[in-house]
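2 protein chains.
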Amino acid sequence: MPDTSGDRQQCYSITELRREFEVSARTLRFYEDKGLLTPARDGQARIYSYRDRARLKLILRGKRVGFSLAEIKEILDLYNLRDGQATQLKVSLEKGREKITELEHQRRDIEEAIADLSRTCEIIDGMLKEREMS
Amino acid sequence: MPDTSGDRQQCYSITELRREFEVSARTLRFYEDKGLLTPARDGQARIYSYRDRARLKLILRGKRVGFSLAEIKEILDLYNLRDGQATQLKVSLEKGREKITELEHQRRDIEEAIADLSRTCEIIDGMLKEREMS
DNA sequence: TTTCGCCCTAACGCTAACGTCAACGTAAGT
DNA sequence: ACTTACGTTGACGTTAGCGTTAGGGCGAAA
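In the order they appear, the protein sequences are chains A and B.
Using our numbering, the first residue of the first sequence is number 1, and each one after it goes up by one.
Using our numbering, the first residue of the second sequence is number 1, and each one after it goes up by one.
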């Protein structure tokens, strides 16, 4: 019987992580300061687990879609609920659904922006082709 | 024959605009400082045209989708090309298409974020229902 | 006339999200 | 023994995007 339990010994140093995601070490420490990441320690050195890596991924995506670090923290906390009182769970559920509708609005904004820009690009393209005629 | 040309005499004071879009007057002036808006003047007072209003709309949407004011300015400039050399037009076209692919990436990010959050919300929901059983 | 309400400029203040620099420890290669 | 690479903790600097006084003008209502 193979041991499938503690097998995920995937660990990362700070430089491994910063290279993979192209962020500075400063940034990773900053996120830790803000409670977004909580890597283990080997003496002083930080050791990032697979879960830390996953969280970082979420953080960066959150940033790309325009969330502040504070908001991202809220979202990360959502993924951390194993325990928690029922009332607390309800609050979290509420927050999660709010974020979702927020994201859906953003998606619409983005689609409109894409549509507008596409139209404009085609107009410019048209202007260029007209000039080629002359 | 009705005059369809100069008919759009739609003008807005700074307070009208700030109320409609729920931004501060300071913000509108700031955007002007940054060259994002260029309202006409009546003495010192700003007079915003219908086009200014449209630009503001674009600015705010740009912000919502995470563009910096500098990037938004670039985009706004795209909408302003009536003149311009052919080479300049090509550059603009290039920029516009870059923004579009950027936006498409963002849309994917957002869709993934929505999917993740939805799953998490359902899990939390499941946890709540389990507790109701006991 | 005084008080409103709306408008202006100029300039300092503030928060977020890091960058950057100083000063230091440790472990490995030469 | 020295350098090089990687790690650490402060702590100050920087940029963007406004907020917030401070100080004043203009026209209508009381």
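FYI, nobody ran anything at the bench for these hints, they're computed from the structure.
Warning: the hint list may mix true and false statements.
Every beta carbon over 12 Å from chain A, so not counted as near; a handful from chain B, in silico [to be verified]: (1) 12; (2) 15; (3) 38; (4) 41; (5) 67; (6) 96; (7) 100; (8) 108; (9) 132.
Here chain A is said to cover these stretches of chain B; the calculated rule only asks that three of the stretch's residues, wherever they fall, bring their Cβ under 8 Å from a Cβ of chain A [stated by the list, open to error]: (10) 19-32; (11) 46-56; (12) 59-66; (13) 84-95.
Capping the alpha-carbon separation at 25 Å, the derived lysine to any residue pairs in SDA-like fashion look like this [claimed, not checked]: (14) A:95 with B:107; (15) B:129 with A:79; (16) B:90 with A:95; (17) A:73 with B:90.
Backbone N, C-alpha and C define an ideal beta-carbon position, used for all residues, glycine too.
Open item on the list: Taking beta carbons only, do three or more residues of the segment 46-56 of chain B come closer than 8 Å to chain A?
Closed with: violated (count 0)
Open item on the list: Against the 25 Å threshold, does the CA-CA distance of residue 73 of chain A and residue 90 of chain B hold or violate the hint?
Closed with: violated, 42 Å
Task: residue 38 of chain B and chain A, when compared Cβ to Cβ, separated by more than 12 Å - done: Label holds. Min Cβ-Cβ 19 Å, cutoff 12 Å.
TODO: Could you check that no beta carbon of chain A comes within 12 Å of the beta carbon of residue 15 of chain B?
DONE: Residue 15 of chain B clear of chain A: closest Cβ-Cβ about 26 Å, beyond 12 Å.
TODO: Check, residue by residue, whether the segment 19-32 of chain B contains three or more positions whose beta-carbon lies closer than 8 Å to a beta-carbon of chain A, and give the verdict.
DONE: violated (count 0)
Open item on the list: Is the claim that residue 96 of chain B lies outside the interface with chain A correct, judged by CB distances over 12 Å?
Closed with: violated, 4 Å
- [ ] Could you let me know if the closest chain A CB is still more than 12 Å away from the CB of residue 132 of chain B?
- [x] At roughly 9 Å from the nearest Cβ of chain A, residue 132 of chain B sits no farther out than 12 Å, so the non-interface label is violated.
TODO: Could you let me know if the closest chain A CB is still more than 12 Å away from the CB of residue 100 of chain B?
DONE: With a cut-off of 12 Å, residue 100 of chain B comes too close to chain A, as the shortest Cβ separation is near 5 Å.
Open item on the list: Please verify the coverage claim for the segment 84-95 of chain B: does it have three or more residues whose C-beta sits within 8 Å of some C-beta in chain A?
Closed with: holds (count 5)
TODO: Check the non-interface label on residue 41 of chain B: least C-beta distance to chain A beyond 12 Å or not.
DONE: Given that every Cβ of chain A is farther than 12 Å from that of residue 41 of chain B, nearest at about 28 Å, it holds.
- [ ] Count residues of the segment 59-66 of chain B with a Cβ under 8 Å from any Cβ of chain A, then say if the count reaches three.
- [x] holds (count 5)
TODO: Below or equal to 25 Å on CA atoms is what counts here, so check residue 129 of chain B against residue 79 of chain A.
DONE: Within the cut-off at roughly 18 Å; holds.
When held up to the earlier numbered hints, the structure conflicts with 5, 6, 7, 8, 9, 10, 11, 16 and 17 and fits the remainder.
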